Structure formats: C-alpha cells, structure tokens
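**Student:** Sequence:
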Amino acid sequence: MPDDVVIDPHGNLLIIDLQPAIHALIRMNVSTGKREVLANKGFIEPQGLLVDTHDNIFLSDDYADIIVEYQPV
18 MPDDVVIDPH
28 GNLLIIDLQP
38 AIHALIRMNV
48 STGKREVLAN
58 KGFIEPQGLL
68 VDTHDNIFLS
78 DDYADIIVEY
88 QPV
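Residues are numbered in this note's numbering as their position in the sequence shown, beginning at 1, plus a constant of 17.
If you're looking for bench data, these hints aren't it; they were derived computationally from the structure. Possibly wrong hints are sitting among the right ones.
Simulated restraints on C-beta separations [said to hold, decoys possible]: (1) GLY28 - ASP82: 31 to 39 Å; (2) LEU30 - LYS58: 29 to 37 Å; (3) PHE75 - LYS51: 16 to 24 Å.
Predicted model only: the values in this text are computed from it and were never measured. C-beta: ideal position from N, C-alpha, C; glycine also.
Generate the whole structure from the sequences, applying the supplied hints.
**Tutor:** Written as structure tokens, this is what we have:
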C-alpha cells in the first residue's frame with residue numbers, strides 16, 4: 018500500500034510502501050518495471066518523501082521522529 022510517491026530526476030518512481038511486514042523505500046524504473054528496495058529497516062510509519070537537486074532522498078517517519086537522508090546510488 019503506497020503512502021507517498023515521487024518521481025526522481027531520472028524518471029524513476031520512489032515509493033514508500035506500507036505493507037504491514039515491509040515498510041520500505043522502493044525505487045521503480047518505469048521503463049523496465051524493475052523494482053529495487055533502497056531501505057526497509059528502522060521505520061515505524063514512514064510518511065514523507067522528497068528528492069533534492071543533488072538526487073539525495075529524504076524520508077520522514079513521524080512515529081520514529083526521524084528524517085533519514087539517502088545518497089544517490
């Protein structure tokens with residue numbers, strides 16, 4: 018169950034997935050359909066997603082009271 022979806026500068030979808038057992042940040046290449054889990058540990062209830070101009074990904078988790086930054090890969 019997606020909670021937030023954004024498009025990165027390369028046209029990939031970044032998705033916060035709130036499936037009960039997953040809570041993951043997923044990147045999906047819309048051209049190929051390939052999905053890649055970027056992170057799936059340490060989240061309680063991830064909520065917000067943002068990509069800055071340097072391709073850094075920021076994810077907020079209201080319940081864990083954190084904002085996590087992921088570097089471009």
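**Student:** Against the earlier hints, flag every one the structure doesn't satisfy and list their numbers going up.
**Tutor:** 2
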